[in-house]
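Protein chains in written order, with numbering that gives the first Met the number 0: chain A, 0 to 67; chain B, 0 to 67; chain C, 0 to 67; chain D, 0 to 67; chain E, 0 to 67; chain F, 0 to 67.
Careful: at least some of the hints might be erroneous.
As the list claims (entries may be wrong) - Facing chain F, from chain C, some residues (calculated, C-beta under 8 Å):
hint: 1; residue: 28
hint: 2; residue: 29
hint: 3; residue: 45
hint: 4; residue: 47
hint: 5; residue: 51
hint: 6; residue: 56
To be verified - In silico lysine to any residue, SDA-like type, Cα no more than 20 Å apart, as pairs:
hint: 7; chain 1: C; residue 1: 17; chain 2: C; residue 2: 35
hint: 8; chain 1: B; residue 1: 17; chain 2: C; residue 2: 17
hint: 9; chain 1: C; residue 1: 17; chain 2: E; residue 2: 17
hint: 10; chain 1: D; residue 1: 17; chain 2: F; residue 2: 28
hint: 11; chain 1: A; residue 1: 17; chain 2: B; residue 2: 17
hint: 12; chain 1: A; residue 1: 17; chain 2: B; residue 2: 54
hint: 13; chain 1: E; residue 1: 17; chain 2: E; residue 2: 43
hint: 14; chain 1: A; residue 1: 17; chain 2: B; residue 2: 59
hint: 15; chain 1: E; residue 1: 17; chain 2: F; residue 2: 28
hint: 16; chain 1: E; residue 1: 17; chain 2: E; residue 2: 37
hint: 17; chain 1: F; residue 1: 17; chain 2: D; residue 2: 58
Unchecked claim - If you anchor each label on the Cβ, the simulated ranges turn out as follows:
hint: 18; chain 1: A; residue 1: 13; chain 2: D; residue 2: 44; range: 19 to 25 Å
hint: 19; chain 1: B; residue 1: 44; chain 2: C; residue 2: 15; range: 26 to 32 Å
hint: 20; chain 1: F; residue 1: 58; chain 2: E; residue 2: 34; range: 16 to 22 Å
hint: 21; chain 1: F; residue 1: 13; chain 2: C; residue 2: 12; range: 38 to 44 Å
hint: 22; chain 1: C; residue 1: 46; chain 2: D; residue 2: 58; range: 39 to 45 Å
Hints listed in this document are in silico derivations from the structure and should not be mistaken for laboratory results. Small disclaimer: the values here were computed from a predicted structure and weren't measured. Just so it is clear, CB atoms sit at the ideal spot from N, CA and C, and this is done for glycine as well.
Number of protein chains: 6
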Amino acid sequence: MPVITVNWWQGNDRHARKELVAGITDVVTRVSGCPDDAVTVIVRDVDPDHWGRGGHLADESRSRRGQR
Amino acid sequence: MPVITVNWWQGNDRHARKELVAGITDVVTRVSGCPDDAVTVIVRDVDPDHWGRGGHLADESRSRRGQR
Amino acid sequence: MPVITVNWWQGNDRHARKELVAGITDVVTRVSGCPDDAVTVIVRDVDPDHWGRGGHLADESRSRRGQR
Amino acid sequence: MPVITVNWWQGNDRHARKELVAGITDVVTRVSGCPDDAVTVIVRDVDPDHWGRGGHLADESRSRRGQR
Amino acid sequence: MPVITVNWWQGNDRHARKELVAGITDVVTRVSGCPDDAVTVIVRDVDPDHWGRGGHLADESRSRRGQR
Amino acid sequence: MPVITVNWWQGNDRHARKELVAGITDVVTRVSGCPDDAVTVIVRDVDPDHWGRGGHLADESRSRRGQR
Numbered sequence: 000m001p002v003i004t005v006n007w008w009q010g011n012d013r014h015a016r017k018e019l020v021a022g023i024t025d026v027v028t029r030v031s032g033c034p035d036d037a038v039t040v041i042v043r044d045v046d047p048d049h050w051g052r053g054g055h056l057a058d059e060s061r062s063r064r065g066q067r
Numbered sequence: 000m001p002v003i004t005v006n007w008w009q010g011n012d013r014h015a016r017k018e019l020v021a022g023i024t025d026v027v028t029r030v031s032g033c034p035d036d037a038v039t040v041i042v043r044d045v046d047p048d049h050w051g052r053g054g055h056l057a058d059e060s061r062s063r064r065g066q067r
Numbered sequence: 000m001p002v003i004t005v006n007w008w009q010g011n012d013r014h015a016r017k018e019l020v021a022g023i024t025d026v027v028t029r030v031s032g033c034p035d036d037a038v039t040v041i042v043r044d045v046d047p048d049h050w051g052r053g054g055h056l057a058d059e060s061r062s063r064r065g066q067r
Numbered sequence: 000m001p002v003i004t005v006n007w008w009q010g011n012d013r014h015a016r017k018e019l020v021a022g023i024t025d026v027v028t029r030v031s032g033c034p035d036d037a038v039t040v041i042v043r044d045v046d047p048d049h050w051g052r053g054g055h056l057a058d059e060s061r062s063r064r065g066q067r
Numbered sequence: 000m001p002v003i004t005v006n007w008w009q010g011n012d013r014h015a016r017k018e019l020v021a022g023i024t025d026v027v028t029r030v031s032g033c034p035d036d037a038v039t040v041i042v043r044d045v046d047p048d049h050w051g052r053g054g055h056l057a058d059e060s061r062s063r064r065g066q067r
Numbered sequence: 000m001p002v003i004t005v006n007w008w009q010g011n012d013r014h015a016r017k018e019l020v021a022g023i024t025d026v027v028t029r030v031s032g033c034p035d036d037a038v039t040v041i042v043r044d045v046d047p048d049h050w051g052r053g054g055h056l057a058d059e060s061r062s063r064r065g066q067r
């Protein structure tokens, strides 16, 4: 009955979430042997201005470093 | 000082959240013996299109299976 | 498909966890209308020396204040 | 590689989140010895009407008690 | 900088965790486009007697239903 | 009533946890204006072999790269 929570930056669309859920469920069932129906995935889109990295909000870090 | 987090599908209104918080607090104080004031409940409404079950987004699963 | 996480202090036994799970599941199904089988409850026992309250570890606070 | 999650009431602005992220990262690097870049902070703003305390939604508790 | 948390039942060994981390990281980088190094996966083994399902502790449910 | 969760690698002792809780509580009360007593900090020690980074378990990454 695994429960997986994904925290990532907002900006991913429905297609991306479908692929994410399908892919993670596939990995978890393969590794744990549990059936598909037992896997729950909760996707949380986090605004980069609510995400800190290296002591800064992530939207600042990106503009400073040009990185994702 | 228990902290309880509830992840459920969005669509529940204020009345439902009041009942939820009162009911869970009642159970936790009864079982643990701590006072009401020590119990924190955080309610997260999750959009079914951010919730995966059985490898699919939950809004798809519902339409396919007619279930909640 | 609600997922509930309970963080509380360790020291509760199996009987307490059974009551906790049964009671919370009852509240959640009553409020949300979902079936029993759809409710997941994860119980985390936290050592009071890994729990901070008011700026102190909880086992210190208890001895200082004689409270739970 | 510490990951810190802060759940607090919504109403804090960007300036507050910047200070929060900078301050927590500073504490965690000082205590754990890891570099700044290894620290992730996720900030969740919770609506007081999704936060239960003492068996009531927090926006009710505040009006009843005049407290924060 | 995605952060993924997996809650599953204890009993999976190091080899299973390695496969889990590699597989999930692969899915998340493919879907989100972020580099491998940006993905954090935290694995929590939960004792079935701390996991509630359908109102019962999971180790009871298993013995009653002979299921995983 | 902020609730902060810290996930970090196990190996930090009681003294480190005391400093961590005191420091984070100080930051949160300063930024949010809430009193000390309203701040809860939950510290989770994660075994590096339950922590994935860059697709590998963290204890492997460390030996490969000699980093923390």
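These are the hints, each one checked on the structure:
1. 28: Given a least distance of 26 Å, the restraint on residue 28(C) is violated.
2. 29: Constraint on residue 29(C) not satisfied, violated at 26 Å.
3. 45: holds, 6 Å
4. 47: violated, 11 Å
5. 51: holds, 3 Å
6. 56: Since the shortest Cβ distance to chain F is 6 Å, the answer is holds.
7. 17(C) with 35(C): Holds, at roughly 14 Å.
8. 17(B) with 17(C): violated, 24 Å
9. 17(C) with 17(E): violated, 33 Å
10. 17(D) with 28(F): holds, 14 Å
11. 17(A) with 17(B): Violated, at roughly 33 Å.
12. 17(A) with 54(B): holds, 8 Å
13. 17(E) with 43(E): holds, 13 Å
14. 17(A) with 59(B): Satisfied, since the Cα-Cα distance of roughly 10 Å is no more than 20 Å.
15. 17(E) with 28(F): violated, 40 Å
16. 17(E) with 37(E): It holds: about 17 Å lies between the C-alpha atoms, which stays within 20 Å.
17. 17(F) with 58(D): violated, 32 Å
18. 13(A) with 44(D): 19 to 25 Å: holds, 24 Å
19. 44(B) with 15(C): 26 to 32 Å: holds, 29 Å
20. 58(F) with 34(E): 16 to 22 Å: holds, 21 Å
21. 13(F) with 12(C): 38 to 44 Å: violated, 25 Å
22. 46(C) with 58(D): 39 to 45 Å: Taking Cβ atoms as reference, residue 46(C) and residue 58(D) lie about 33 Å apart, which means the hint is violated.
Violated hints, in rising order: 1, 2, 4, 8, 9, 11, 15, 17, 21, 22; the structure is consistent with all others.
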